[in-house]
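Just so you know, the sequences run in chain order A, B, C and D. Going by the working numbering, the first residue of the first sequence is number 1, and it counts up by one from there. Going by the working numbering, the first residue of the second sequence is number 1, and it counts up by one from there. Going by the working numbering, the first residue of the third sequence is number 1, and it counts up by one from there. Going by the working numbering, the first residue of the fourth sequence is number 1, and it counts up by one from there.
Some hints here could point you the wrong way.
With a straight-line cut-off of 30 Å between C-alpha atoms, the simulated DSSO-like cross-links for lysine-lysine are [to be verified]: (1) K159(C) <-> K222(C); (2) K91(D) <-> K164(A); (3) K91(D) <-> K124(B).
Taking CB as the label site, the calculated pair distances span [unchecked claim]: (4) K151(B) <-> Y5(D): 57 to 63 Å; (5) H192(D) <-> H183(B): 25 to 31 Å; (6) V185(D) <-> E87(C): 38 to 44 Å; (7) G80(C) <-> D219(D): 39 to 45 Å.
No wet-lab data here; the hints were simulated from the structure. Here a beta-carbon is modelled for each residue, glycine too, at the ideal position from N, C-alpha and C.
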Amino acid sequence: MAWTRDDMARRAAKELRDGYYVNLGIGIPTLVSNFIPPGMTVQLQSENGMLGMGPFPYEGEEDADLINAGKQTISELPTTSYFSSADSFAMIRGGHINLSILGGMQVSETGDLANWTVPGKMVKGMGGAMDLVAGVKRVVVVMEHNAKDEKKVMRECSLPLTGKGVVSLLITDLAVFEIDRQHGMTLIELATGVTLAEIAEKTDARYKIAPGLAGR
Amino acid sequence: MAWTRDDMARRAAKELRDGYYVNLGIGIPTLVSNFIPPGMTVQLQSENGMLGMGPFPYEGEEDADLINAGKQTISELPTTSYFSSADSFAMIRGGHINLSILGGMQVSETGDLANWTVPGKMVKGMGGAMDLVAGVKRVVVVMEHNAKDEKKVMRECSLPLTGKGVVSLLITDLAVFEIDRQHGMTLIELATGVTLAEIAEKTDARYKIAPGLAGR
Amino acid sequence: MSKVYPTAAAALEGLLKDGQIILSGGFGNCGIPSDLIEAVRDSGVKNLTAVSNNAALDGTGLSLLLETRQIKKMISSYVGDCRIFAEQYMKGELEIEFNPQGTLAERIRAGGAGIPAFFTKTGAGTLIAEGKEERIFNGEAYIMETGLVGDIALVHAWKADTEGNLVFRKTARNFNPVMATAGKVTVVEVEHLVEAGEIDPDHIHTPGIYVQRIVHVPDRVKLIEKRTTRPRPAK
Amino acid sequence: MSKVYPTAAAALEGLLKDGQIILSGGFGNCGIPSDLIEAVRDSGVKNLTAVSNNAALDGTGLSLLLETRQIKKMISSYVGDCRIFAEQYMKGELEIEFNPQGTLAERIRAGGAGIPAFFTKTGAGTLIAEGKEERIFNGEAYIMETGLVGDIALVHAWKADTEGNLVFRKTARNFNPVMATAGKVTVVEVEHLVEAGEIDPDHIHTPGIYVQRIVHVPDRVKLIEKRTTRPRPAK
Numbered sequence: 001m002a003w004t005r006d007d008m009a010r011r012a013a014k015e016l017r018d019g020y021y022v023n024l025g026i027g028i029p030t031l032v033s034n035f036i037p038p039g040m041t042v043q044l045q046s047e048n049g050m051l052g053m054g055p056f057p058y059e060g061e062e063d064a065d066l067i068n069a070g071k072q073t074i075s076e077l078p079t080t081s082y083f084s085s086a087d088s089f090a091m092i093r094g095g096h097i098n099l100s101i102l103g104g105m106q107v108s109e110t111g112d113l114a115n116w117t118v119p120g121k122m123v124k125g126m127g128g129a130m131d132l133v134a135g136v137k138r139v140v141v142v143m144e145h146n147a148k149d150e151k152k153v154m155r156e157c158s159l160p161l162t163g164k165g166v167v168s169l170l171i172t173d174l175a176v177f178e179i180d181r182q183h184g185m186t187l188i189e190l191a192t193g194v195t196l197a198e199i200a201e202k203t204d205a206r207y208k209i210a211p212g213l214a215g216r
Numbered sequence: 001m002a003w004t005r006d007d008m009a010r011r012a013a014k015e016l017r018d019g020y021y022v023n024l025g026i027g028i029p030t031l032v033s034n035f036i037p038p039g040m041t042v043q044l045q046s047e048n049g050m051l052g053m054g055p056f057p058y059e060g061e062e063d064a065d066l067i068n069a070g071k072q073t074i075s076e077l078p079t080t081s082y083f084s085s086a087d088s089f090a091m092i093r094g095g096h097i098n099l100s101i102l103g104g105m106q107v108s109e110t111g112d113l114a115n116w117t118v119p120g121k122m123v124k125g126m127g128g129a130m131d132l133v134a135g136v137k138r139v140v141v142v143m144e145h146n147a148k149d150e151k152k153v154m155r156e157c158s159l160p161l162t163g164k165g166v167v168s169l170l171i172t173d174l175a176v177f178e179i180d181r182q183h184g185m186t187l188i189e190l191a192t193g194v195t196l197a198e199i200a201e202k203t204d205a206r207y208k209i210a211p212g213l214a215g216r
Numbered sequence: 001m002s003k004v005y006p007t008a009a010a011a012l013e014g015l016l017k018d019g020q021i022i023l024s025g026g027f028g029n030c031g032i033p034s035d036l037i038e039a040v041r042d043s044g045v046k047n048l049t050a051v052s053n054n055a056a057l058d059g060t061g062l063s064l065l066l067e068t069r070q071i072k073k074m075i076s077s078y079v080g081d082c083r084i085f086a087e088q089y090m091k092g093e094l095e096i097e098f099n100p101q102g103t104l105a106e107r108i109r110a111g112g113a114g115i116p117a118f119f120t121k122t123g124a125g126t127l128i129a130e131g132k133e134e135r136i137f138n139g140e141a142y143i144m145e146t147g148l149v150g151d152i153a154l155v156h157a158w159k160a161d162t163e164g165n166l167v168f169r170k171t172a173r174n175f176n177p178v179m180a181t182a183g184k185v186t187v188v189e190v191e192h193l194v195e196a197g198e199i200d201p202d203h204i205h206t207p208g209i210y211v212q213r214i215v216h217v218p219d220r221v222k223l224i225e226k227r228t229t230r231p232r233p234a235k
Numbered sequence: 001m002s003k004v005y006p007t008a009a010a011a012l013e014g015l016l017k018d019g020q021i022i023l024s025g026g027f028g029n030c031g032i033p034s035d036l037i038e039a040v041r042d043s044g045v046k047n048l049t050a051v052s053n054n055a056a057l058d059g060t061g062l063s064l065l066l067e068t069r070q071i072k073k074m075i076s077s078y079v080g081d082c083r084i085f086a087e088q089y090m091k092g093e094l095e096i097e098f099n100p101q102g103t104l105a106e107r108i109r110a111g112g113a114g115i116p117a118f119f120t121k122t123g124a125g126t127l128i129a130e131g132k133e134e135r136i137f138n139g140e141a142y143i144m145e146t147g148l149v150g151d152i153a154l155v156h157a158w159k160a161d162t163e164g165n166l167v168f169r170k171t172a173r174n175f176n177p178v179m180a181t182a183g184k185v186t187v188v189e190v191e192h193l194v195e196a197g198e199i200d201p202d203h204i205h206t207p208g209i210y211v212q213r214i215v216h217v218p219d220r221v222k223l224i225e226k227r228t229t230r231p232r233p234a235k
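Isolated chain A (complex conformation):
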């Protein structure tokens, strides 16, 4: 019983803390905003120049001057501020964002992330992803554990890197891994009904198993 996209987003939301400033990538990470615990204040950053990103606008209230980094129309909040792209990435590069939750194509056991290009396919560009993984204090990657029959949790990424040694936590549809530059990768949670054997089979990376999980 692998986790659904919502399950993965719900799990990622557990990484939020009150008062955090957070940047969410496109795809499953965007869903995380649906699972912010009640009473917790989290400000979302959009790297095109906004802090305090609100939900999609009501129909008829779309504003061409108010979009997120995914180019979708969004809305303002009472906490909102706007700034330039240079100021936005000064904020990101300077380590002021507490948490970034991003999608991934491959993650390595040393925390390398590949998520921007596949050789031979049309290169679309890395956008702000390289800046986010290099600058944000804690980077959480949310992705499918495998793509068809290809492994994605790797000893070493085969795809071009977005960042080297940047991922702190990996959430897949099957499991959660902590990654520490010194101590490597540790499997810390399993999706309901997923076994250690299944993870072992579907994972190229080497990892320790957290004490609570042994024997499952």
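Use these hints to put chains B, C and D onto chain A, whose structure you have.
Chains B, C and D alone, transformed into the frame defined by chain A:
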């Protein structure tokens, strides 16, 4: 008949052009704003974070939040904008200011300027002078030709430098010199009644004499 | 000496030359200098290097200059939304230099601020680092990136006064202020043009020193790339 | 989690330690975080490194911490107006590192923006260049300067909302916004405190992400260092 301080400021004002953005140093350079030709628009920059610096305020209208780089109370104009110190020096360093007119202690024949410290005396700091001479497109220095019996227009400055090869024009109470990094120093004007012999006697630097002045 | 020109074409007159580096503000279709780009197209100038975060959607923004093959090279962070871009790039007709978005923004900021080079962690250990100086600071790897300036910067602002002081609106600010600082000549199209003194000087985003020419474009329809909404709650 | 604290002392509680690097906004006496500096004085913390453009006038601003000998080193661009500074410096009791004003501002901006080092023309060929890497770009000499961060940044703003979004007033802005970006913890005193949503988000100078603690100081009398005026024209 050496030039007065006002004469020197009036001469420096001839370097202004319509539409220029200008930074004026403390002392004689400040007086230049009294000689902006009618009909010419010049915006003054104050490096503590203001463009479009106005005159001193009317009595009773002083505002503690509105001062120039000399810490004097000043006033706003319709063209005024405010910005941070980082943005102010980005503007200066980036070459966006057309002209800076500064005081000097020594100027060399290669355009070196010394104007911030004298060994053995209390060091007050260079403030923004090093940034201005390094960043502004055209630097004009206005100073007395000699201090008592000491020469100030030098082959090489003996005082610690503010900038190397940065001065384009030197206006003293006796004469005006153009300085070109490739072609060196040229005497281009004499104050009324001042002779070539007097300049030769009072100047350590080597200089050419502009054609129109020969024989005076 | 007025900075205000009657049309976008007039505002660009005498500035454009083949082979120039053109900086353009905007993010996707948001805050792009549409009228100025159309005037560049109509000028016929070619072999341009365009520096812009994106190429906008087909039929809008810089993609207009791709259609007419006036651009030989782009420096961008993401071009995934533009079909004509993909076509020309895959055929080898267009050169592209990808910069991480924050590196692109900072390179232009540095260019405008007189900083020829700086170090950043972004891209260290990736393809982006190839051929660049790497250096360790406090035990972490950084790469050296260089400042970037343009011959002309094209900017879209919400409001300007006649001095050229600019105010941007919401996320249409994006790359516009930084582009304005890094053009040898900066030309701005504005939705609202007012007299000097009508904008509170504490609300100005870009001081007039960065703006050489202004054109008033009051009637432009702004495009939305992805119209996303939520239903109104029942009353 | 509220960012608002009842007093300057409360806003600094638990943050101060001997030997810290303290960044302080202000230019001369303009826009200095007076109440916060007094609270630092009252805390008795010592061996501080203070980073501030000036030391303010005697009896005000950082000179208060010189009087009590809580500062062992200053990084500044100009200190010519402060007698107690001169005294301690001449006696060798105070260490000083002079930075050109723009280099100081940019070092702090770089610190806040994750840039460990950058090149600048300022100071090339002068005493300031000694011991620094020099490099030629486009035929001109530049020197490498490093980013600068502080343990605590003290900031004075005109207005804040409860989210910590800040607005500065006129030339009291000066070093304040850049200091706010470069403190591991940034504490702000504000003349006017409003609810989130009461400041137009396009008018915000410093986004709340840079502000951890706020104290409302509505009644401070602001000092003028050089009161210069002109006579009113006769009617």
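The hints, checked one at a time:
1. For a cut-off of 30 Å, the pair hint linking K159(C) to K222(C) stands: about 15 Å separates their Cα positions.
2. Note on K91(D) and K164(A): the hinted pairing is violated, with a Cα-Cα distance of about 50 Å set against a maximum of 30 Å.
3. Restraint check for K91(D) and K124(B): the C-alpha separation of about 15 Å stays at or below 30 Å, so the hint holds.
4. Separated by about 59 Å at the C-beta atoms, K151(B) and Y5(D) satisfy the suggested range of 57 to 63 Å.
5. A hinted range of 25 to 31 Å for the beta carbons of H192(D) and H183(B) is inconsistent with their spacing of about 57 Å.
6. Taken as a hint, the range 38 to 44 Å is violated for the pair V185(D) and E87(C), whose Cβ atoms sit roughly 51 Å apart.
7. Checked against the hint of 39 to 45 Å, the pair G80(C) and D219(D) fails, with Cβ atoms roughly 55 Å apart.
Violated hints, in rising order: 2, 5, 6, 7; the structure is consistent with all others.
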